[in-house]
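Protein chains: 2
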Amino acid sequence: MPDARRFVELQGPLRTYRGGELPSVTIAYETWGELRGRGDNALLLFTGLSPSAHAASSAADPSPGWWEYMIGPGKPIDTERFFVIAINSLGSCFGSTGPASINPETGQAYRLDFPKLSVEDIAAAARGACLALGIDHVHTVAGCSLGGMDVLAYGMMYPGTYRDLISISAAANATPFAIALRSIQREAIRADPAWAGGNYAPGNGPKDGMRIARQLGILTYRSPEEWLQRFDRERIEGADAQRDPFATAFQVQSYMDANARKFAERFDANCYLYLSQTMDLFDVADHGGGNPEAGMRQVDARRALVAGVTTDWLYPLWQQHQLAELLAHAGASVSYHELESIQGHDAFLIDKDRFGPMVAEFLAGMPRG
Amino acid sequence: MPDARRFVELQGPLRTYRGGELPSVTIAYETWGELRGRGDNALLLFTGLSPSAHAASSAADPSPGWWEYMIGPGKPIDTERFFVIAINSLGSCFGSTGPASINPETGQAYRLDFPKLSVEDIAAAARGACLALGIDHVHTVAGCSLGGMDVLAYGMMYPGTYRDLISISAAANATPFAIALRSIQREAIRADPAWAGGNYAPGNGPKDGMRIARQLGILTYRSPEEWLQRFDRERIEGADAQRDPFATAFQVQSYMDANARKFAERFDANCYLYLSQTMDLFDVADHGGGNPEAGMRQVDARRALVAGVTTDWLYPLWQQHQLAELLAHAGASVSYHELESIQGHDAFLIDKDRFGPMVAEFLAGMPRG
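Heads up: the protein sequence lines correspond to chains A and B, in order.
Residue numbers for the first sequence follow my numbering, so the first one is 1 and each next one is one higher.
Residue numbers for the second sequence follow my numbering, so the first one is 1 and each next one is one higher.
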């Protein structure tokens with residue numbers, strides 16, 4: 001398997017935001033383009049909950065990345081201008097230190113001994129990785145979904161070390177509805193006996209629980225409108241002849257099931273639990289003594305792009321609007337976009353015709369047309 | 001425990017809609033008011049997926065029913081005028097024959113030997129119960145959610161035996177999104193090892209799976225707006241001190257969990273699976289050779305009330321509108337209402353100020369104000 005990942009060790013232990021400590025931290029990352037100076041043209045990219053740092057193809061790994069349409073020579077995030085560094089989140093399972101990594105103090109995987117993980121820790125680990133690579137200051141910090149929350153945390157924690165921010169389909173905090181949705185996913189994983197309190201053997205975890213969690217994730221990340229267009233009530237062949245009275249009968253079920261099975265093989269369950277919870281806990285207000293305006297005033301971005309999608313019910317438009325206002329109050333020049341994609345929360349992965357030009361325009365720094 | 005239920009045996013076996021047969025069927029029901037003639041003032045009421053026939057209190061059972069505000073003397077469904085008969089659905093576990101009932105041919109519970117269940121079977125069993133009770137014709141057939149689908153099936157299957165129909169928060173068929181949501185619930189139950197392929201001992205079923213299914217149900221039945229008003233991001237006390245790193249931290253989680261635990265004790269898992277699936281399978285078009293207009297033309301209601309809620313994403317407004325149009329094309333005089341409740345799909349249970357006057361007005365047969 002081609003692999004474009006590189007790895008960097010953070011200098012010293014990482015004290016986590018909610019009172020834990022990691023003695024050593026490795027961060028996996030990928031880069032595209034050429035670094036100028038100590039970061040003048042760097043774009044630091046955070047990911048959503050589940051992707052790796054493989055955001056785009058490269059000579060070292062020609063397989064398409066999760067934001068393939070967005071990143072590359074001549075693309076909206078133009079790697080002929082920008083040095084892009086994508087970070088695999090702290091707590092994930094694609095090369096960065098996480099609950100599935102070996103705890104150097106015990107020689108065993110951390111599992112639930114991993115300290116409580118916060119969005120702030122993901123941001124801090126990325127900052128540490130940049131510093132270890134000699135990047136003091138970046139041009140833009142960008143991210144979508146969880147990655148957008150990482151951007152906000154980074155902005156509040158490290159003023160003076162970036163110029164602009166891009167937050168797509170994120171929010172200043174999670175609604176109780178989003179918390180409930182993720183909470184059910186975590187319950188499904190924990191209720192699977194194969195989870196074994198987190199102590200499953202590597203590769204042998206709660207596949208059923210992960211499958212159900214992912215199915216609910218998929219449902220959450222898209223929109224009813226998209227399902228209707230894609231699947232309507234199409235049946236799968238032979239559905240009525242199956243002996244199992246509750247067998248899959250509709251195409252939409254078949255699609256979700258296939259996707260969820262793949263995911264359950266690919267993603268570590270404990271990592272999923274930790275990363276999922278970070279989104280519930282994150283709150284801009286925590287950085288301002290309970291006041292979101294005061295929290296966001298820690299940000300000193302020159303410009304900010306805030307974008308969301310009409311069909312996103314995980315981080316709905318009113319939260320995008322709130323976020324844009326908070327950033328404007330903090331003094332940033334905010335470019336705010338409500339996009340009419342039908343793909344819901346995950347539209348940024350798919351709807352290149354809406355997202356591409358928007359990001360290109362923001363990074364060009366001048367309006368089109 | 002006071003119990004107002006009565007039971008009726010259907011005459012002869014019930015051939016089910018999708019090719020099975022039940023040798024004998026018992027239907028549990030409750031009634032309020034006095035029957036006139038052979039049903040001139042009868043209102044036949046179907047329930048949603050999970051309630052029993054206890055729709056309202058009575059002398060025999062003074063505990064509040066699931067539609068307490070709607071049914072009673074002087075209430076919108078006025079039991080001084082109407083004889084109300086509420087049916088526990090075929091397939092349920094509150095007195096009517098279902099997967100948890102004893103199969104007379106084996107002496108064991110049916111479990112998965114219960115034939116595939118359809119909305120049409122619930123309607124047929126209710127029709128059989130009415131006939132067995134000497135009720136040939138009813139004034140109004142009413143129901144909400146699954147109960148509304150039962151109303152549509154009844155309307156198509158038994159023209160000439162009713163005058164008016166009331167369908168609240170139902171639809172002519174389920175969207176792929178609704179199918180997916182229910183499919184995940186069923187997966188969660190089936191993935192629980194305690195389900196044991198349906199062969200759990202009575203009272204000892206898949207509690208974890210049912211809990212997760214119900215949590216997802218609760219989420220589905222309400223709206224993000226309501227969660228925000230009720231819970232916002234309120235924490236539960238002592239959340240940070242808990243040893244379990246994924247313990248319940250927010251009020252919304254605590255609420256869902258408590259509700260789901262109660263439900264898991266109360267409802268039989270196999271019954272849930274069967275009833276849940278009926279909503280996926282139902283399609284008005286099946287009664288018209290694939291054409292919904294042709295299907296609905298079987299209905300000969302004089303008047304129909306169709307109502308839905310702006311915040312219902314299980315049976316969204318566009319489906320209510322579609323249903324109203326189908327019934328109007330079928331010749332019914334349709335009273336159509338889009339209600340701005342924030343309680344989502346389940347608003348009919350709670351929002352008495354919007355639903356009460358609407359139903360009262362329809363049953364009075366004349367506009368108010």
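Since the hints were derived computationally from the structure, they do not count as laboratory data.
One or more hints might be untrue.
Pairs involving identical chains hold if they fit within one copy or between any two copies, as the list cannot separate such chains.
[Stated by the list, open to error] With a Cα cut of at most 20 Å, we get these calculated EDC-like pairs of lysine to aspartate or glutamate:
hint, residue 1, residue 2
1, Lys352, Asp283
2, Lys116, Glu105
3, Lys352, Glu237
4, Lys352, Glu34
5, Lys352, Glu293
6, Lys207, Glu265
7, Lys116, Asp244
8, Lys352, Asp78
9, Lys75, Asp257
Against the structure, the hints come out as follows:
In the homo-oligomer, the alpha carbons of Lys352 and Asp283 never lie at most 20 Å apart, since the shortest distance is 29 Å inside one protomer and 36 Å across protomers. Proximity of Lys116 to Glu105 under the C-alpha cut-off of 20 Å is restricted to the intra-copy arrangement: shortest distance 17 Å within a copy versus 56 Å between copies. Taking the shortest alpha-carbon separations for Lys352 and Glu237, neither the intra-copy value of 33 Å nor the inter-copy value of 44 Å comes in at or below 20 Å. In this assembly of identical chains, Lys352 and Glu34 lie within 20 Å of each other by CA distance neither inside one copy nor across copies; the values are 24 Å within and 64 Å between.
For a Cα distance limit of 20 Å, the shortest separation of Lys352 from Glu293 qualifies neither inside one copy, at 32 Å, nor across copies, at 38 Å. In this homomeric assembly, Lys207 and Glu265 come within 20 Å of each other (Cα to Cα) only inside a single copy, at 7 Å, whereas the closest approach across copies is 26 Å. In this assembly of identical chains, Lys116 and Asp244 lie within 20 Å of each other by CA distance solely across copies; the values are 10 Å between and 41 Å within a copy. In this assembly of identical chains, Lys352 and Asp78 lie within 20 Å of each other by CA distance solely inside one copy; the values are 14 Å within and 57 Å between copies.
In this assembly of identical chains, Lys75 and Asp257 lie within 20 Å of each other by CA distance neither inside one copy nor across copies; the values are 33 Å within and 47 Å between.
Violated hints for the displayed structure, listed by number in ascending order: 1, 3, 4, 5 and 9.
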